[in-house]
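Protein chains in written order, with our numbering: chain A, 0 to 475; chain B, 104 to 200; chain C, 10 to 464.
It should be emphasised that the hints constitute simulated quantities derived from the structure, not laboratory data.
No incorrect hints appear here.
Straight line, CA to CA, 20 Å or less: simulated PhoX-like cross-link-like pairs of lysine-lysine:
no.: 1; chain 1: B; residue 1: Lys154; chain 2: A; residue 2: Lys72
no.: 2; chain 1: A; residue 1: Lys224; chain 2: A; residue 2: Lys253
no.: 3; chain 1: A; residue 1: Lys173; chain 2: A; residue 2: Lys214
no.: 4; chain 1: B; residue 1: Lys195; chain 2: A; residue 2: Lys137
no.: 5; chain 1: C; residue 1: Lys357; chain 2: A; residue 2: Lys78
Here are the simulated distance ranges between beta carbons:
no.: 6; chain 1: B; residue 1: Val170; chain 2: C; residue 2: Glu277; range: 52 to 62 Å
no.: 7; chain 1: B; residue 1: Thr167; chain 2: A; residue 2: Asn401; range: 46 to 56 Å
no.: 8; chain 1: C; residue 1: Asp319; chain 2: B; residue 2: Glu124; range: 16 to 26 Å
no.: 9; chain 1: A; residue 1: Gly397; chain 2: B; residue 2: Lys195; range: 52 to 62 Å
no.: 10; chain 1: B; residue 1: Val170; chain 2: A; residue 2: Ala394; range: 33 to 43 Å
no.: 11; chain 1: A; residue 1: Gly397; chain 2: B; residue 2: Glu180; range: 48 to 58 Å
no.: 12; chain 1: C; residue 1: Gly51; chain 2: B; residue 2: Pro148; range: 47 to 57 Å
no.: 13; chain 1: B; residue 1: Val170; chain 2: C; residue 2: Ala42; range: 24 to 34 Å
no.: 14; chain 1: A; residue 1: Pro109; chain 2: B; residue 2: Ala146; range: 52 to 62 Å
no.: 15; chain 1: A; residue 1: Gln245; chain 2: C; residue 2: Lys357; range: 20 to 30 Å
no.: 16; chain 1: A; residue 1: Asp133; chain 2: C; residue 2: Gly51; range: 50 to 60 Å
no.: 17; chain 1: B; residue 1: Arg136; chain 2: A; residue 2: Gly203; range: 47 to 57 Å
no.: 18; chain 1: B; residue 1: Glu180; chain 2: A; residue 2: Gln360; range: 39 to 49 Å
Each residue gets a CB set at the ideal place from its N, CA and C atoms; glycine is no exception.
The lines below spell out each chain.
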Amino acid sequence: MNWETVIGLETHVQLRTKSKMFCGCSTAFGAPPNTQVCPVCLGLPGALPAANGAAIGLAVRGALALGCTVHPKSIFARKNYFYPDLPKGYQISQFDQPLATSGTLSFVSPERSVVTATIVRLHLEEDAGKSIHDRFAKGTGIDLNRSGVPLIEIVGGPDLRSPAEARAYLQTLKQLLEYIGISDCDMEKGSLRVDANVSVRRAGETAFNTRTEVKNINSFAYVEKALTVERDRQIALIESGGTVTQQTMLYDAKENAVRPQRSKEESHDYRYFPEPDLPPLVLTAEFVAEQQSALPELPAAKRDRFVAAYALSREHATVVTSNRAVADYYESVVRAGAEPQAAANWVMTEALADANDHQEQLRVAPGALAQVIALVKGGTLSHQAAKKVFGEVAAKGGEPRNIAEALGLIQVADTNVVAGWVTDVLGAHAPEVGRYRNGETKLMAFFVGQVMRASKGKADPKLAQRVLEEKLAASA
Amino acid sequence: MSVSREEVLRIAQLAELDVQEQALADLVAQMSRIIDYVAQLSAVPANGSVKPVVPGPDAIRFRTDEVTPSQLAFGPEEFAPDFKEGFFVVPKLGQFE
Amino acid sequence: MSDAKAVADRLVKAKRLNALLTPPKDLRKSLNAQAAAARPTGVLYGMPVAVKDNICTLEFTTTCGSRILEGYRSPYEATAVAKLKAAGALIAGKTNCDEFAMGSSTEHSAYGRVLHPLDKARVPGGSSGGSAALVAAGAVPAALGSETGGSVRQPASFCGVVGIKPTYGRVSRYGLVAFGSSLDQIGVFGRSVHDAARVLSVISGRDPRDSTCEDRDSLRLPTVPESLQGFVIGLPREYFPPELDPAVRRACDRAIRLMKELGAAVREVSLPHTPYAVPTYYVIAPAEASSNLARYDGVRYGPRFNGAVDLRGLYRSTRGQGFGPEVRRRILVGTYVLSAGYYDAYYKRAQQMRALIAQDFRNAFDRGVDLLFTPTVPSPAFKAGEKLGDPIAMYMSDIFTVTANLAGLPAMSLPIGRIKGLPIGGQLIGQAFLEDEMIEAAYALERVVPETDEA
Ligand SMILES: [Mg+2]
Ligand SMILES: [Zn+2]
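This is chain A alone, in the form it adopts within the complex:
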């Protein structure tokens, strides 16, 4: 039996603001518990919310980047439920009149090439506090520093067809949100959180079956795993004659298993109603236009431009534009005079590898990388030597040419000098010379390698090969 998975993601994203959504408390991460709290975010009797304009602006930017319709008037609503980390007994969110609706997100699916997923809605809300389960023997500790931190919730349509696709969608979404600078999207710090609606159906069916909601996916690495486990559970259930019931499943990363949420309060009767403490959220056209003009070039547009302007392949352009800082770096290298394809090759390999090992720092200045590339192109450095120079510049700084000279890596292109090394090598490997002359021409690579070795990497390899060919042919 062929099964199809249907997944829709609800993503909560913490907005990058200094103060909380409805009070002036700091949003800084990592402060001692309950030190960034006030009457408002503690839910003390009599306290009232006052909305953070910057958070609203960042949410509008997110909505615009996702191609959503941003509504000139939206309404805050109360979502009522009891939980100890929810101080007021309700979360201020948005319900039937959200900030923005109907956008899209295109991403490269591992299975279906480019997929355009729908964004159903994007709304503003406040975060809850944190429950600490392992600190007290008999109790749970509640820290309300995070209570009231601004979030956007991005509700994606049921457009994803596999756990791997869900992961690709999330990666693209994260990349977009980082690009536009509205969130640091750090899943480990909880600034990006994802819940998934999952159902399965037989291939060819068009109706949706009962879905479950998978929560508690706390790390990027778990997205695919958690969804796979839930998908497999549903398929096994149906194949053994059971039916899927609508419920919330919590992912347990340690066991790589999902289990139904234990609490009986599963009614989900949130009794939404308009928040009477806040007037309507009215956005002027000027405000929305300001947010639009604050948006940088978005990743998809940048990728297309790189393909057109620098003649990169779509794959290379995708890698180079995957991160805004990398894309900007690449363009600086090209602007410093490097040939675009060579610059892409260097950025995708050496530069990214070095950054990966050093807290995402692009340690070699764009001008220096352009110089390294020029030295290779001019035949002054071998590719191998250039990598060494790159590593040296990354670690210690300095001028690439000076470093190459200091390390003695400048390529020798003097035929007489190279011929000397060739003579030594051929003299030392008489048996191989014989085999070569008997037709085993693939040994040429071996001879070139030996010449490079004898020259300590300084010989120009192309010249070395030409001299080798001449000498081996001459005495035949």
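For chain A, the structure is supplied; the task is to place chains B and C with the ligands on it using the hints.
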């Protein structure tokens, strides 16, 4: 009775209120009476064109994004029923609740 | 400082009314400290103002008349209280009230009922009954109360004092413990229109902490007018039904005649949706209350009741035992009308009706009426216990007052006579943010009305 016993129990659970068994019959009767009373609103012909309005300003004001916490005159340890090592403490919750 | 001592002595003398929740010892100590710190240049310098117990103060506890906040001290103070102190006023203790302001008799206080100053068998009205009784007893010249559906005007009428509810958004609600957020306003009681008005003027005005508070300057007090020449007073016919107590009718007629003699034009108007105001109110207020009172869960503040071993047990015992019967009832009704399947039939319908009620008022004002005049309550103070068994009968004492809350309009009650020795109030309802006109008319009427005479 316009409100059933089961409904009162369900609502009480949603509202996290203990309802004593001996008080339940009275509560069902009182709630039914109140709900019947307010239900006269639905006797008025519905007018879909009426937009709900609430008094107060027409639009939300935007607060400047600055860290300006309003100071508490004293900390949670003074008013919390159970406060240890900087945390409000509640009965143990499972990680998967 | 002898002023502080005299203030405390007067308050302690009124102790038998059970109107004050602050113990005498705390009161004396704090009044001394406050008097020493008060700004002599403030416009209310040295004026004692008692504060309803649902308004947060750094001085004294803030319990909202509830067990669930027994002993609770707020770590911050309401904007209105801060403004009073900045004007040199003394916070003269916290006054008893119906639990979370839910009631019309102050019998729903966890700390015992408040006695009517003129007849201890009767109620002072509510929910701000403690504030009204203290002002009526002469213990303080003014007090803060709060209104959701008439909780200042109704006890003002019962106790024979002036009570003003400002326009929604005139006074910051920051620090007023929420009951029905879209209806709530802090109101004031005074021995005279002037005492009430000058306190209102001080506490009014913009506050960035309350998003529903209008960005306006504080209220400018009008001068006492010579006449009511140029005023058009509307008499809504729905507020003078045939079954209205004839004595109440007589008191109103006398006040109307006096206003005419002062030069006011009087005309009958109609507010046709009035009959639906009470049911509308009793959907919206409990709905908002059910959500506003969710925060009392025993987690962050307030006492916990018995040793619950699990979280749900903690919630249910704290809320089940911490809240009194009327509050529990309203939380349940509010939860019911918001719950899945009922929202449209009740809450949404009530919001539409609210719009129609507000439109009624706009229509009347659009036809050239400046102010409306009505009885405040259909009857004088009733006996304690009389309406406890029937919530609907209790709700009906708000019948003439809830409309101003639903429409967000300013309204006030002032004494216009007595029935068998018990005070009765007349109500003025003004246009949004035109409190000054309303107060001007009240000044004029106050000067001529024989407020202690039988009607
Ligand atoms: Mg959400
Ligand atoms: Zn805060």
